[in-house]
Amino acid sequence: MYAQLVETGLKQVQDVAEMTPEERAFQARIDADVKVEPKDWMPEAYRRTLIRQIQQHAHSEIVGMLPEGNWITRAPSLARKAILMAKVQDEAGHGLYLYCAAETLGVSRDQMIADLHAGKVKYSSIFNYPTLTWADIGAIGWLVDGAAIMNQIPLCRCSFGPYARAMVRVCKEESFHQRQGYDIMLTLCRGTPEQKAMAQDALDRWWWPSLMMFGPSDAESVHSAQSARWKIKLLSNDELRQRFVDQTVPQAEFLGLRMPDDKLVWNDARGHYDFGPIDWQEFHEVIKGHGPCNRDRLRTRVDAWEQGAWVREAALAHAEKRAAREAKHAA
Amino acid sequence: MSSEWPLWEVFIRSQHGLAHKHVGSLHAPDAEMAIKNARDVYTRRNEGISIWVARSADIHASSPGDRAALFEPSNDKVYRHPTFFPMPEEVKHI
Chain A
1 MYAQLVETGL KQVQDVAEMT PEERAFQARI DADVKVEPKD WMPEAYRRTL
51 IRQIQQHAHS EIVGMLPEGN WITRAPSLAR KAILMAKVQD EAGHGLYLYC
101 AAETLGVSRD QMIADLHAGK VKYSSIFNYP TLTWADIGAI GWLVDGAAIM
151 NQIPLCRCSF GPYARAMVRV CKEESFHQRQ GYDIMLTLCR GTPEQKAMAQ
201 DALDRWWWPS LMMFGPSDAE SVHSAQSARW KIKLLSNDEL RQRFVDQTVP
251 QAEFLGLRMP DDKLVWNDAR GHYDFGPIDW QEFHEVIKGH GPCNRDRLRT
301 RVDAWEQGAW VREAALAHAE KRAAREAKHA A
Chain B
1 MSSEWPLWEV FIRSQHGLAH KHVGSLHAPD AEMAIKNARD VYTRRNEGIS
51 IWVARSADIH ASSPGDRAAL FEPSNDKVYR HPTFFPMPEE VKHI
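Protein chains in written order, with the working numbering: chain A, 1 to 331; chain B, 1 to 94.
To be clear, the hints were calculated from the coordinates, so they are not data collected in a lab.
You may find that some hints are simply not true.
Here are the simulated DSSO-like pairs of lysine-lysine, each with C-alpha atoms no more than 30 angstroms apart in a straight line [stated by the list, open to error]:
(1) B:92 to A:39
(2) A:35 to B:21
(3) A:263 to A:196
(4) A:39 to B:36
(5) A:39 to A:196
(6) A:321 to B:92
(7) B:36 to A:328
(8) B:21 to A:231
(9) A:81 to B:36
(10) B:77 to A:39
(11) A:172 to B:77
(12) A:120 to A:11
(13) A:39 to B:21
Cβ-to-Cβ under 8 angstroms is the rule here; a few derived chain A residues that face chain B [to be verified]:
(14) 39
(15) 43
(16) 44
(17) 89
(18) 100
(19) 109
All residues carry an ideal CB built from backbone N, CA and C; glycine is no exception.
Please build the complete structure, drawing on both the sequences and the hints.
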């Protein structure tokens, strides 16, 4: 999911015969489910892949604060406002865990922020869509966090220690996010006809982008195959997407909402839901920067960073001044 | 870009009597802000009653590559464990 445009740099999955002794020992550890830690030897491609993937995951959390932050001042009750603020604070925390995990691989925070602002690394496509009504907040919690959980639970078992441990922490906190969203949808669907219509409209707009979050089919992808070998990617995009559909359709039925997909139907032979074709052109356009909110999201991030510079510098200057004063007194 | 805040490692103790556990790291300009930030990042759900922060630069670790040699002395001293000494059944409280 956060591996959009992540490339391992390899043309094919490495064959055991082509590996150096170090690479072979490394692969053996991965196969034995021994975690890789920051100071361990690792192939450059493994390090680079993780730096990009973890970083994109972190950027997604931080940028993800924006569409929901948009409704904090307009939440329908004080309780809903406080709960939404708690969720957005969690997303900030998740971003921070992930930035620190990425930094253990030798990339600096400043470098990652610079790369994001320059458009060299991405964040999840889903956050380039606007939140038009309060029901969107429900839909995001239910569908977007639901999709994220689907992706993050397997990552708790990924081979890189700091990333896996960050995921354990994140998953514990993420369940509240999904329940909070579904709770909003329940309230709306049990409310007035206008409220239910608002919920249906939000589902109509967020369903397909949520399916796109998992990324295009990677059955043929060399990068996915190598990432799977290294246990950075535990399940395929299609598999995760199918699980998400299977678990979400009954949830929508309970709400009394209609899925915006005429081709959605239970397939007894497969034991899964069949669903309609995804518009991958929309996905690629959004990734390229032409989604509804790309420019806005990036400008907001750049502004926040640049306008906050004086705070970062002042805090550092204050700390240095105090340290110098204490040293003088001690002398 | 301005120069970065230094990195700190964060340790949280969840209850009296337990050890502080390493939970992650964060950037902060000084110890006071490191503790406040640790409170915000790592204890949103009452995870702890005590926070330690230490500059990452002050933490020294054994090298993974040295593991075998470093821990070799304890590998063959199984008599350090009580289970090495079976006691007669009739003997109580030992």
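Hint check, failures only: Those not satisfied are hints 1, 5, 6, 11, 15 and 16.
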